[in-house]
Amino acid sequence: MKKFYYLKSNKKNLKIFILLGFILIFTSILDVILKSSLGINLTSFLPNTINFLFPLIIGSIGFYFLRFEYTGIKNLDLLNKNINTNDFNAILTLLIIFVLIITVPPSLNWLIFEATISGETKESCTGEGACWTFIKIWFRRIIYGMYPDEHHWRINISFIALIVLAFVGYFTGNKLRKYLPLYYIIIYPIIAFLFIYYLISGGSFGLVWIDTGSWGGLSLTFIVAFFCLIFCFPIGMILALARRSDLPTTRYISISFIEFWRGVPLITVLFMASVMFPMFLPDDLFIDKLIRVIIAISLFEAAYVAEVIRGGLQALPRGQYDAAKSLGMGYWKMHIFVILPQALKFVIPGIANTFLALVKDTPLIFVVGLADFVGMITMAKANPNWLGFVMEGYIFAAIIFWIICYAMSNYSQKLELKYKTDK
Amino acid sequence: MIMKSKIPAYLLFFIGTLDLIYKLFFGAIFEPDSDFYYEYVRPFVTFTPFIFFAIGGVFLKEYRVNNTLEIYGTTKFNYYTPQFFVFLFTILIFVFFIYNAQVNMDTRGIQFGFDFLRQEASFDVNFSLIEYDGSHSYGRVYFVGLINTLLVAVTSIIICTIIGVVVGVARLSPNYLIRKVAGWYVEFFRNIPLVVQIFFWYFAALRTMPLPQNTEPFFGSFFLSIKGFYTPSFLWNNLDIFIYSLIFALISIIFIKKYSDKLRAQEGKQIPVLYISLSLIIILPLLSFLLGGSSFEIEKPVLKKLAKTSYIFEGGLRIPPEFIALVLALSLYTATFVAECVRAGIEGISKGQKEAAASIGLNRKQILNLIVMPQALRIIIPPTTNQYLNLTKNSSLAALIAYPDLVLVFAGTALMQTGRAIEIIMIVMFTYLSISLLISLGMNWYNKKMAIKEK
Amino acid sequence: MLDSIIKIEKVNKWFGDFQVLKEIDLDVKPKEKIVVCGPSGSGKSTLIRCINRLEEHQQGKIIVDGTEMSENTKNIEQVRAEVGMVFQQFNLFPHLSVLDNCTLAPIWVKKMTKKNAEELALKHLEKVQILDQAQKFPGQLSGGQQQRVAIARALCMEPKIMLFDEPTSALDPEMIKEVLDVMVNLAKEGMTMIVVTHEMGFAKEVADSMIFMDEGKIVEKADTKEFFANPKSDRTKLFLSQIL
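Residue numbers (the numbering used here), protein chains in the order written: chain D, 1 to 423; chain S, 1001 to 1455; chain Y, 2001 to 2244.
Okay, chain D solo, but in the shape it has when bound:
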């Protein structure tokens, strides 16, 4: 039906075939557009199945006519080589185009064109599209959680300050550059902790104490991700070194530790932290739930980081170890000054991946009662005044997470390229 072999395109009638081909393809696409977006069915006089397959048939005939091995016309050859090498490819291409035509305009419609964002209440959402008013009204809660409105400036200042301090690395002159690792691994986390303790949590210097139970939203996501990353990196490094140690005790304890944390799901780890862990502490010692969760996630991720770093240590050529040893360096000196700085180059993509996974795992803390970004959205959609906006909530969450994760993975790819070529 689709193959008119006796009508094979030949170069003599090049122009005619090209014209014919494009007309047919254009017709097929037009037909799909009319059928899906406007509901106009030009070919309704045909029996049902043929009507349904009509664009596909016409389009593939069109591509068939266009199929020349080499015409000399640059764009046509590009088209042919890429999407029109044989019938199968042509049909797949058409299907993809049709599916895009059928799905994209309605989605864009719902997302943007017929969406409402004005107004203050549920009733303002009169259009057929998404009700972004819902997000607008709940925006503060979604970002800050149940943190009291009038104190939001404390969170804002802390975050801005921490972001600025993170970029110190760009501005240091060459003389101070060798202190950078020390800064990032020890000083910066301490500063961050002080900010969190005194500014966000409060309780001294005249600031109201705000219980961690009220923290929530995107700010909580960032806090958890940030601290888990800071803690899991040094712990992971120690675990990796221990795993490669010559001392059997250290090695086996490290292996058991790593394999344990890697073998269990994060959700059970969180349950353990919130339900089981208090049983292991003396009655009078109460550790805040948020801190318990951060410790649990850090230990969990540290096991994965340990494996990544171990890979880096193994990838380092033995010559480095030999050279350092022959210079008389002991175990710790060798590792701190020679091995680890070089191994870290290999592990950067792995660490970036782990951090990405960490960010994607933070929504789980909802299970133990901490309302992070996704948790706040789940709570918002359950509010009696705003029922029925589930789609908007989760699509918003998906978009935000997608932007963050895509940006991070892009950045890590750039880093990986930079370190590869640096060599």
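Just so you know, these hints were derived from the structure itself, not from any lab. Please read all numbers here as calculations on a predicted model, not as lab measurements. Wrong hints could be hidden among the right ones.
Said to hold, decoys possible - FRET-style restraints, in silico, Cβ to Cβ:
{"no.": "1", "chain 1": "S", "residue 1": "L1377", "chain 2": "D", "residue 2": "F22", "range": "38 to 48 Å"}
{"no.": "2", "chain 1": "D", "residue 1": "F22", "chain 2": "S", "residue 2": "F1222", "range": "53 to 63 Å"}
{"no.": "3", "chain 1": "S", "residue 1": "K1449", "chain 2": "Y", "residue 2": "S2169", "range": "45 to 55 Å"}
{"no.": "4", "chain 1": "S", "residue 1": "R1179", "chain 2": "Y", "residue 2": "N2116", "range": "56 to 66 Å"}
{"no.": "5", "chain 1": "S", "residue 1": "L1377", "chain 2": "D", "residue 2": "G311", "range": "19 to 29 Å"}
{"no.": "6", "chain 1": "Y", "residue 1": "E2009", "chain 2": "D", "residue 2": "F45", "range": "53 to 63 Å"}
{"no.": "7", "chain 1": "S", "residue 1": "K1006", "chain 2": "D", "residue 2": "K333", "range": "29 to 39 Å"}
{"no.": "8", "chain 1": "S", "residue 1": "R1179", "chain 2": "D", "residue 2": "G311", "range": "24 to 34 Å"}
{"no.": "9", "chain 1": "D", "residue 1": "D87", "chain 2": "Y", "residue 2": "K2010", "range": "25 to 35 Å"}
{"no.": "10", "chain 1": "D", "residue 1": "L78", "chain 2": "Y", "residue 2": "K2177", "range": "29 to 39 Å"}
{"no.": "11", "chain 1": "S", "residue 1": "K1449", "chain 2": "Y", "residue 2": "P2039", "range": "45 to 55 Å"}
{"no.": "12", "chain 1": "S", "residue 1": "Q1102", "chain 2": "D", "residue 2": "F139", "range": "43 to 53 Å"}
{"no.": "13", "chain 1": "Y", "residue 1": "P2039", "chain 2": "S", "residue 2": "V1166", "range": "37 to 47 Å"}
{"no.": "14", "chain 1": "S", "residue 1": "G1293", "chain 2": "D", "residue 2": "F45", "range": "47 to 57 Å"}
As the list claims (entries may be wrong) - Under 7 Å between C-beta atoms, here's a sample of chain D residues computed to sit facing chain S:
{"no.": "15", "residue": "I83"}
{"no.": "16", "residue": "R243"}
{"no.": "17", "residue": "D246"}
{"no.": "18", "residue": "I267"}
{"no.": "19", "residue": "F271"}
{"no.": "20", "residue": "M272"}
{"no.": "21", "residue": "M279"}
{"no.": "22", "residue": "F280"}
{"no.": "23", "residue": "L281"}
{"no.": "24", "residue": "P282"}
{"no.": "25", "residue": "M391"}
{"no.": "26", "residue": "A397"}
{"no.": "27", "residue": "Y406"}
Ideal placement from N, C-alpha and C gives every residue a C-beta, glycine not left out.
Got chain D sorted already, so can you dock chains S and Y onto it with the hints?
Here is chains S and Y on its own, set in the frame of chain D:
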């Protein structure tokens, strides 16, 4: 010390193992009945097996150093001291935990033990493959949860493999559009957290499904409603005959394959194994229907009115929306990683291999089967198995949408009802650890067997 | 004079916009040994890869042993069974033993029995003097050994023509001789050979004619003695002075 034989070391290992088994399964019998003992000594006594192992290890090391050419690397002191402190430190941490746990359990009046598994559970589970109702024990609850977990995991693994392979191959297609679309798929589903995807499918997408009375059937008797996916189910007669015919078909395929290998080696003739296998798989079960007395009736789901506005489907098979949402999210998410593994495997085969194979006259199908796939599979399978493991662990997110998997049913409801946090979480973690360990061991065995020999 | 076994007429090839072969005309008689030399990027490898259609030419005709190379796949596979090729990177199949590497094509393409294929393979492995390594795997062999296995693998299909694409360029100097020795023996036995190489010593000993290519064109084609003694084109002279 000079160790002249390995026997003391192995003896200590043996005693330690016995002690460990005894302590794990039988508890302590030889214990004085004093408070002081219970509070302060008992936590340490828990670790006697490990002390036996440690001393045995020291003896073994001494033996090796004195009787073979092995050396310490540094001095004896530098070798043993750090290990002693690490060991002590680890034990002290554990002792601290156990001591507190004991005290806390005492004040709450609970005993550590696994006998609660025999108690009656008295709660219902809304989806189970094996028979279960409230009167069964907690032990049975564990199995219900485990089977549900495995069901979700296996189904998702199958689907995500199919999607992953298709997308992975598509990423390398010479067709520009296909390549781009596959790339978008991977970037899109990889960067959205699994939790969000599960929530989306369950709370957003599947909630827009119509109520039972309003669903339009497709392909006759398949209904996708808000209460689940209803399909006609099979009511079998003589199911065993059908199963036997399937097994027989599979066994004969194995024999045909062996025979065709032999034929090719001895006479150079090639027979179309694929077609023969396919026809066997179709014809033999067909025979079981015509001659063997197997038959099945199709039970279609039928709309039934329960109350004024509430309808339900009766009969047929109901796949709960929780299951659908979980499988959808897990498959689409994990497929992105599988696709990347597949792509890496195929790209890892250098172009020269395909050219060399072509230059000796092999056709496209032969190049794929004899040269590309064997090498590509060696690269693809290890990381893909890792992804399967991740998928199984991620299936525990079922707790978020009330799908009764192991975590929700056992570490959730059962834990809340009995309060035995430590025992239950231990069991759950042990289950997942065993699954991980099994798959890792299997992977190691596979790697050793298939390793491409090098110098 | 016997008819040509390879006829290349007015062949042009482009990679996108870049023309890599320009108006190539070449006749190869049976049992003739031709060495193709020239600077890198001159199209030498591309030319011989067009002969067994690992590359496709856009204009012109290539006729190998009476079959014209075109899109027709059946023809291509037929031709490839008669034309053997040895690559710069050896391209042995790492997951198969040396013996299996050699018997693979005879079993699957020529449908030989395993016994006959192994006899054939062992015969050729002995010719390239690597019989004792028959059960080893490529990863366990040195570069020179691997290349000799690659030659044996190609010979197992009993080809009429052997193409060599810089066979010794990836080898350590001490292994080049063992491979060249095998190629010299092959030439003495009467095989039609087209060799792309920089080894001029080998060329002087074995080649009937020399071809010099530059920028996609055949600049000079001559009998070996003539070529080295009286190169006609200036570019040839320059090239020879740099390489000898």
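Checked hints:
| no. | hint | verdict |
| --- | --- | --- |
| 1 | S/L1377 to D/F22: 38 to 48 Å | holds, 43 Å |
| 2 | D/F22 to S/F1222: 53 to 63 Å | violated, 41 Å |
| 3 | S/K1449 to Y/S2169: 45 to 55 Å | violated, 36 Å |
| 4 | S/R1179 to Y/N2116: 56 to 66 Å | violated, 44 Å |
| 5 | S/L1377 to D/G311: 19 to 29 Å | holds, 22 Å |
| 6 | Y/E2009 to D/F45: 53 to 63 Å | holds, 55 Å |
| 7 | S/K1006 to D/K333: 29 to 39 Å | holds, 37 Å |
| 8 | S/R1179 to D/G311: 24 to 34 Å | holds, 30 Å |
| 9 | D/D87 to Y/K2010: 25 to 35 Å | holds, 32 Å |
| 10 | D/L78 to Y/K2177: 29 to 39 Å | violated, 48 Å |
| 11 | S/K1449 to Y/P2039: 45 to 55 Å | holds, 48 Å |
| 12 | S/Q1102 to D/F139: 43 to 53 Å | holds, 49 Å |
| 13 | Y/P2039 to S/V1166: 37 to 47 Å | holds, 45 Å |
| 14 | S/G1293 to D/F45: 47 to 57 Å | holds, 51 Å |
| 15 | I83 | holds, 5 Å |
| 16 | R243 | violated, 13 Å |
| 17 | D246 | holds, 6 Å |
| 18 | I267 | holds, 5 Å |
| 19 | F271 | holds, 6 Å |
| 20 | M272 | holds, 5 Å |
| 21 | M279 | holds, 5 Å |
| 22 | F280 | holds, 4 Å |
| 23 | L281 | holds, 6 Å |
| 24 | P282 | holds, 5 Å |
| 25 | M391 | holds, 5 Å |
| 26 | A397 | holds, 5 Å |
| 27 | Y406 | holds, 5 Å |
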